[in-house]
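Just so you know, the sequences run in chain order A and B. Position 33 (the first sequence) corresponds to 33 in the working numbering; numbering is contiguous. Position 139 (the second sequence) corresponds to 139 in the working numbering; numbering is contiguous.
Read the hints as simulated data drawn from the structure, not as lab findings. Owing to the predicted nature of the structure, the values given are computational and were not obtained by experimental measurement. Mixed in with the good hints there might be a few duds.
Identical copies go unnamed one by one, so any copy, or any two together, can satisfy a pair.
[Claimed, not checked] No more than 25 angstroms apart at the CA atoms, straight line, and that leaves these computed lysine to aspartate or glutamate pairs for DMTMM-like:
(1) K57 - E95
(2) K57 - E43
(3) K74 - D103
(4) K287 - E225
(5) K241 - E203
(6) K220 - D97
Protein chains: 2
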Amino acid sequence: MCESLPADPYLAFLDELVTARLLIPSGVRGVYGRGGDFEHVVEQFERLVTREGRPEKAEVMRFPPLLNRAHYAKINHIHNFPDLMGSVDTFTGNEADHRAMIDTFQTGGDWTRSLVPAETMLVPAACYPMFPTATGTLGEAGRTVDLRTFVFRHEPSDDPARMQIFRQREYVRLGTADQALDHRDAWLRRGKALLESLGLPVEAVVANDPFFGRGGRLAKATQREQTLKYELVVPICSTEKPTAVSSTNYHLDYFGKAFDILLPDGSPAHSACIGFGLERIALALFKHHGLSLERWPREIRERLELD
Amino acid sequence: MCESLPADPYLAFLDELVTARLLIPSGVRGVYGRGGDFEHVVEQFERLVTREGRPEKAEVMRFPPLLNRAHYAKINHIHNFPDLMGSVDTFTGNEADHRAMIDTFQTGGDWTRSLVPAETMLVPAACYPMFPTATGTLGEAGRTVDLRTFVFRHEPSDDPARMQIFRQREYVRLGTADQALDHRDAWLRRGKALLESLGLPVEAVVANDPFFGRGGRLAKATQREQTLKYELVVPICSTEKPTAVSSTNYHLDYFGKAFDILLPDGSPAHSACIGFGLERIALALFKHHGLSLERWPREIRERLELD
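If we strip away everything but chain A, and leave its shape as in the complex, we get:
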């Protein structure tokens, strides 16, 4: 191309995606509409995960992107990831309050000062809304749950793979430490194989969550030391800094304790999950196979049943 390209590889790929109508800009960094071909890839990847991956007897639950604020308060997200949160505020005033808010709005003031916290927060991770529904005592077999939801992370970015709102598909295991770890280990292998079968160069790496501030450094180190989190990474805009398209997390008995999910012996249940970042997987596929679905390799098209 003759025109001057943006030097930034993130902006350059974003430009290509927008030109191809795969992503539709909203004017907010990291918030996009998805075009028909993009959505088709997401849907067909999900069908592949269901077809080949759904563990026997997994319960299907689909949560909307809102989390009970009282449940949010129990999981230390406000301590660990305050900068990523989304709180939902709303207006509950009377007509006089409304007139005052409109006056502030019309004079360019911060009209949101008239709002109050609603009963909900935006969901930070697909499994969070599920745990509070599992309070009680598990059977010997534990439980396996199949989840998908839109999750919110406030980190405005020009990297098309770092969206503020995106979908996670997850398989979560609740049970003993062994049951949780078996799930984690099996899915780390299975997830890697699944992504490789789609022509993506995947690596599994030990990882940590972006705990906030200086106080978060210890949490990051501990998480890595205990190898609680693995990411499956694929180069999208950068080969030096490949992008996590999937991750496994072993939560120890953190959620069992927080929401009184108990093993038959009365001790708190352990949990582990694998999450697929659906938008990132679609982006990786478009990066590696091209922006035009018709030109993708036949074996990839067939595997995803794109036709």
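Chain A is already provided as a structure; the job is to place chain B on it using the hints.
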């Protein structure tokens, strides 16, 4: 059943849905997880709409549940429906600010006072995020867009059909007044026939939106007088007050003006849409055909390709 039933027909149906694992309570009124059978019905209804309904050359766009706050400010939602809004707030402070917020959190104070408005609002209607992307001059044929998104309306309720967050599937037409009205009229007929083909007793009625306060009375009356809104209603929990499961809206040139969507002659484009309330349609189907998918009439199962 021998146990005492809730007298309220809404709570009674909600209880049945929860017992059947079709809806999963979150502890917040009007916010539920969806069970596997519920989600299957939603997905298969969407496929039916796509198969039989998608207008030729409709562009597919799928927006996440967030709307650019600057676009929100242009559509008078804050004037007309302030009580339904969802504003997204987030934390952008430093570590000292964080410690202060945590102190407030731990002492039970309103820690959300430490937050600031994010760049987004929750989406109030599926077509709102699309209009700002259509700025410019349309061709003679106008445009038809196929949308689906989660939308938010803060109206906590025990009526399972009045959710705070639910999905709308929409076909929107942008063009001349005639093009918009033709779309509206055709889809009012087609939508009614589609729902009737699923065994639902549907009626089309003139309707209005719930404009806020005393000032909203005139807007309601005008909307009805100009027959801008029709609803397709079906009895779910009440025969006297049937539930709107779908609606058509003719917006005149409201969005054309707000977002500079122009006709070839330079005048603002008109628009109209049909929206299907996916959760309400699923609830109507469960109400009319029973809570167990296996026992639904064979013709309905076949029509929705449930097997």
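* State whether the alpha carbon distance between K287 and E225 is at most 25 angstroms within one copy, between copies, both, or neither. => neither (33 angstroms within a copy, 52 angstroms between copies)
* Up to 25 angstroms between alpha-carbons, please classify K57 paired with E43: within, between, both or neither. => both (22 angstroms within a copy, 20 angstroms between copies)
* Asked: How would you classify K220 and D97 at a CA-CA limit of 25 angstroms: within, between, both, or neither?
  -> between (45 angstroms within a copy, 21 angstroms between copies)
* Alpha-carbon proximity between K57 and E95, which holds within one copy, between copies, both or neither at 25 angstroms -> Answer is neither; intra-copy 52 angstroms and inter-copy 45 angstroms both fail.
* Please work out whether the CA atoms of K74 and D103 approach to 25 angstroms or closer within one copy, between two copies, in both situations, or in neither? => between (37 angstroms within a copy, 15 angstroms between copies)
* Up to 25 angstroms between alpha-carbons, please classify K241 paired with E203: within, between, both or neither. => within (12 angstroms within a copy, 57 angstroms between copies)
In this structure, the earlier hints numbered 1 and 4 are contradicted, and the remaining ones agree with it.
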